[in-house]
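K.L.:
Listed here are the chains, written in short residue letters.
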Amino acid sequence: MHEHIDSVKTYAFVFVTLLALTLLTTLVAEVDLGPLNVAVALLIAVIKMLLVALFFMHLRHSPMLTKVVVCGGLLWLLILMVLTMADFVSRKWLPVPGV
Amino acid sequence: MDSQTETVALREQFETAGQQKEASTLGMWVFLVTEIMFFGGLFLAYMVYRRLFPEVFWVASSSLNKIIGAVNTAVLLCSSFTMVLAVHAAQIGSRRAIVIFLILTMLLGGVFLGVKAYEWNEKFQEHHVPGPSFHLEHTTEQGRAQLFFSLYFAMTGLHALHMIIGEGLLLFLLFHAYAGKYTPAYYTPVDIGGLYWHFVDIIWIFLFPLLYLIGQH
Amino acid sequence: MITAAVHEQATYLNESYGIKSWLLTKDHKRIALLYLATITFFFFLGGIFATLIRIELLTPSGDLVSSETYNKLFTLHGVIMVFFFLIPSIPATLGNFFLPLMIGAKDLAFPRINLLSWYLLVIGGCFAMYAMLAGGVDTGWTFYVPYSTSYSNGYVIATGLGIFIAGFSSILTGLNFIVTVHRMRAPGMTWFRLPLFVWSNYATALIQVLGTPVLAITMVLLICERSLHLGIFDPARGGDPVLYQHLFWFYSHPAVYIMVLPGMGVISELVSTFSRKRVFGYKMIAFSSVAIAVLGFLVWGHHLFVAGQSVYAGLVFSFLSYFVAIPSAIKVFNWTATLYKGSISYATPMLYAFGFIGLFTMGGLTGLFVASLGIDVHVTDTYFVIAHFHYIMVGGTLMAYLGGLHYWWPKMTGRMYPEGFAKLSALTVFLGFNLTFFPQFILGYLGMPRRYHSYPDEFQVLHVMSTAGASVLAVGYVMPLVYFIWSLRYGAIAGPNPWGATGLEWKTTSPPPAHNFDETPIVTTEAYDYAALEVAKVG
Numbered sequence: 001m002h003e004h005i006d007s008v009k010t011y012a013f014v015f016v017t018l019l020a021l022t023l024l025t026t027l028v029a030e031v032d033l034g035p036l037n038v039a040v041a042l043l044i045a046v047i048k049m050l051l052v053a054l055f056f057m058h059l060r061h062s063p064m065l066t067k068v069v070v071c072g073g074l075l076w077l078l079i080l081m082v083l084t085m086a087d088f089v090s091r092k093w094l095p096v097p098g099v
Numbered sequence: 100m101d102s103q104t105e106t107v108a109l110r111e112q113f114e115t116a117g118q119q120k121e122a123s124t125l126g127m128w129v130f131l132v133t134e135i136m137f138f139g140g141l142f143l144a145y146m147v148y149r150r151l152f153p154e155v156f157w158v159a160s161s162s163l164n165k166i167i168g169a170v171n172t173a174v175l176l177c178s179s180f181t182m183v184l185a186v187h188a189a190q191i192g193s194r195r196a197i198v199i200f201l202i203l204t205m206l207l208g209g210v211f212l213g214v215k216a217y218e219w220n221e222k223f224q225e226h227h228v229p230g231p232s233f234h235l236e237h238t239t240e241q242g243r244a245q246l247f248f249s250l251y252f253a254m255t256g257l258h259a260l261h262m263i264i265g266e267g268l269l270l271f272l273l274f275h276a277y278a279g280k281y282t283p284a285y286y287t288p289v290d291i292g293g294l295y296w297h298f299v300d301i302i303w304i305f306l307f308p309l310l311y312l313i314g315q316h
Numbered sequence: 317m318i319t320a321a322v323h324e325q326a327t328y329l330n331e332s333y334g335i336k337s338w339l340l341t342k343d344h345k346r347i348a349l350l351y352l353a354t355i356t357f358f359f360f361l362g363g364i365f366a367t368l369i370r371i372e373l374l375t376p377s378g379d380l381v382s383s384e385t386y387n388k389l390f391t392l393h394g395v396i397m398v399f400f401f402l403i404p405s406i407p408a409t410l411g412n413f414f415l416p417l418m419i420g421a422k423d424l425a426f427p428r429i430n431l432l433s434w435y436l437l438v439i440g441g442c443f444a445m446y447a448m449l450a451g452g453v454d455t456g457w458t459f460y461v462p463y464s465t466s467y468s469n470g471y472v473i474a475t476g477l478g479i480f481i482a483g484f485s486s487i488l489t490g491l492n493f494i495v496t497v498h499r500m501r502a503p504g505m506t507w508f509r510l511p512l513f514v515w516s517n518y519a520t521a522l523i524q525v526l527g528t529p530v531l532a533i534t535m536v537l538l539i540c541e542r543s544l545h546l547g548i549f550d551p552a553r554g555g556d557p558v559l560y561q562h563l564f565w566f567y568s569h570p571a572v573y574i575m576v577l578p579g580m581g582v583i584s585e586l587v588s589t590f591s592r593k594r595v596f597g598y599k600m601i602a603f604s605s606v607a608i609a610v611l612g613f614l615v616w617g618h619h620l621f622v623a624g625q626s627v628y629a630g631l632v633f634s635f636l637s638y639f640v641a642i643p644s645a646i647k648v649f650n651w652t653a654t655l656y657k658g659s660i661s662y663a664t665p666m667l668y669a670f671g672f673i674g675l676f677t678m679g680g681l682t683g684l685f686v687a688s689l690g691i692d693v694h695v696t697d698t699y700f701v702i703a704h705f706h707y708i709m710v711g712g713t714l715m716a717y718l719g720g721l722h723y724w725w726p727k728m729t730g731r732m733y734p735e736g737f738a739k740l741s742a743l744t745v746f747l748g749f750n751l752t753f754f755p756q757f758i759l760g761y762l763g764m765p766r767r768y769h770s771y772p773d774e775f776q777v778l779h780v781m782s783t784a785g786a787s788v789l790a791v792g793y794v795m796p797l798v799y800f801i802w803s804l805r806y807g808a809i810a811g812p813n814p815w816g817a818t819g820l821e822w823k824t825t826s827p828p829p830a831h832n833f834d835e836t837p838i839v840t841t842e843a844y845d846y847a848a849l850e851v852a853k854v855g
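Residue numbers (our numbering), protein chains in the order written: chain A, 1 to 99; chain B, 100 to 316; chain C, 317 to 855.
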């Protein structure tokens, strides 16, 4: 059962990109973008995660089942966060006396 | 040589080496999903409280040293690079290279943990540990500031614990690699050890911006 | 001569002897029996707490025990029954034993992890028992903060640690089952030829893997908060106790599906075998199992309706909670359709199956009442909710477990249980159960709060009925304990397929050999192919 062996060059390229993105995120944090700061930081983090997962963890070449498992895990994390935040975000929508 | 390793390493419940490798790899990925949910609870708590108390979180985050954080992030990324090179070495059958890259990965992991210990010590010295002697400068919200630091210690602590376990796994792999157990026909433990190590790296990839880089105003 | 034949057979029971061969076994069948002994112990321990609770509630005044002690009784009853009996029950005993057999595999994917799972349950149980013996814990099985973190004088940390460790037992079992079903099926065993018991355990495994880690981190936070006073849930420092509830129920709601789904899987097997018919709507039942697992994760906020959660979130969770009832109802309809025009026999397992279908339906329907925001405001934290979940957990899961245990007993042990006594126990359990829990619906609706040991005089009649029922129920549970053990020595020898059922587990000896099958089976037929069996008999 085969596998595709990636080259050291590919890994090196991904590694350098990861370092560059780390530098980028650190520098962007020095600039005031208001609410965009969080969004940009998370976006960069997600890209780094994808690079590590797809290349270093060989997700690119993994069977479909593995990809489904990973997406499932991320989806479940999303469910935990979205539905819980739905409570916190909507708390003040209905004015309740004394609160 | 190859079929020898295969038969020696094949466990009774499996029919073929291929089945064993697929099962082991799937098992590790499913385990990593459980880890996503385990850390996920902490990320949720972070999200809730950062949204409720943005200014205090900003002040608290500013007390962390971004440069040290960034350098440590680079160290960990480097260790992920050496880890994947260890797996690659196993794939092409170079015993010496596997050993070298595993040692490098362990050393880099050790550096990360050392820096983390230094940072924690600093927090203790500065009285940024939640509890009766807590005091954070530049804010009146001392109670809420402790929420940030509770999460800081819980999240980096749990991460560090996973790193330490990872070092243990790497040591185990190192001994077996040195003994020549891993060949292109059978290197699954190195592969799944690598998956675990990369996952712990990914957790840090999120912890760094969330804890250290809460913007400038 | 039959006895001689049994003694000659090499089975998983006689292939090695001695305590090490059990405590260090990698055989899923032996591990299943280790679990069986362990959870039986915890069941009766939890039952002792239930007995004390019911005795206290015979009289309106809190006169048997103090309030503090009563708090410990219901807490320990809940903790032991949920985490150390119900969650492991069917998957770790019947699932462990039969999943590999049903898919034609030699064992689970990771036998040593399977053994580790058992040890983790035992170690977790030791922590819980330590807490119990050292003085108990009084927070309720839900450990709500800030009482559990800041004010309780009980052994919260030890219990939390016990639950944390037992949680890993559950996670590893789930992981093992998922990998096994995906990667170890025999040739020809496609997904849609799998017995529905396998589908249910697979769906359960998904929940175990996705939900239990959140319980784990919740316990970690609880322990850190209590021991290190971090402040995460401390209102004085900006912490929110409702956050704890979100984290706790994110697991604990799906946990109830961990408890009931395997039971539903057993019922599918029983209904099919004892009406000698293929299960009606096989694919619908298979998909419903997965649907329950998924939808079960979207409804946890219905435990927070009156906790301080926003009304809007409450509306969303209430709406979603209605949906999760649909796949369960689909299963009940399909089981009923399976029975229609079937050749029904009333063996003990089938009696438990009938009990399950009726009682689970009642429990499930009352779930709709509590899912409704308006009604829940009235009945939450009353005996109505207690009756609701006991109908499902005891009337449902426990009955399915007993049904499955009776059904597969001959396969696991090579012996038949005594059918007459077994039928009598099943009847005793059914009658005892209803007498115990039906009055509790009325009590709750009339306003009797849960977790109270003293109450207004006008509730006494219903409480006395409930306690009377509990004594009958207890007899019904002790009887199988006695006759199952008796059957090990004196029960009739069972052949490979005493029920004439389909399924790979019946094609091997009773008990099975250590390696399950002499040759890897090749599967060519659908599950529950009774029509082919009939043709084979005639032709």
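If you are wondering where the hints come from, they were derived from the structure by calculation, not from laboratory data.
Wrong hints could be hidden among the right ones.
[Claimed, not checked] Here are the simulated DSS-like cross-link-like pairs (lysine-lysine), alpha carbons at most 27 Å apart as the crow flies:
1) B:K280 to C:K342
2) A:K9 to A:K92
3) C:K342 to C:K599
4) B:K165 to B:K222
5) B:K165 to B:K215
6) A:K67 to C:K599
[Said to hold, decoys possible] Beta-carbon label-pair distances, calculated as ranges:
7) C:D834 to B:F271: 50 to 60 Å
8) B:G267 to C:I801: 24 to 34 Å
9) C:S787 to A:M64: 49 to 59 Å
10) A:L24 to C:A552: 54 to 64 Å
11) B:I167 to C:E331: 51 to 61 Å
12) A:L50 to B:F271: 46 to 56 Å
13) B:A196 to C:T836: 54 to 64 Å
14) B:I167 to A:P97: 45 to 55 Å
Idealized CB from N, CA, C, for every residue including glycine.
K.L.:
Any of the earlier hints contradicted here, and which numbers?
P.N.:
Violated hints (numbers, rising): 2, 3, 7, 8, 10, 12 and 13; every other hint is consistent with the structure.
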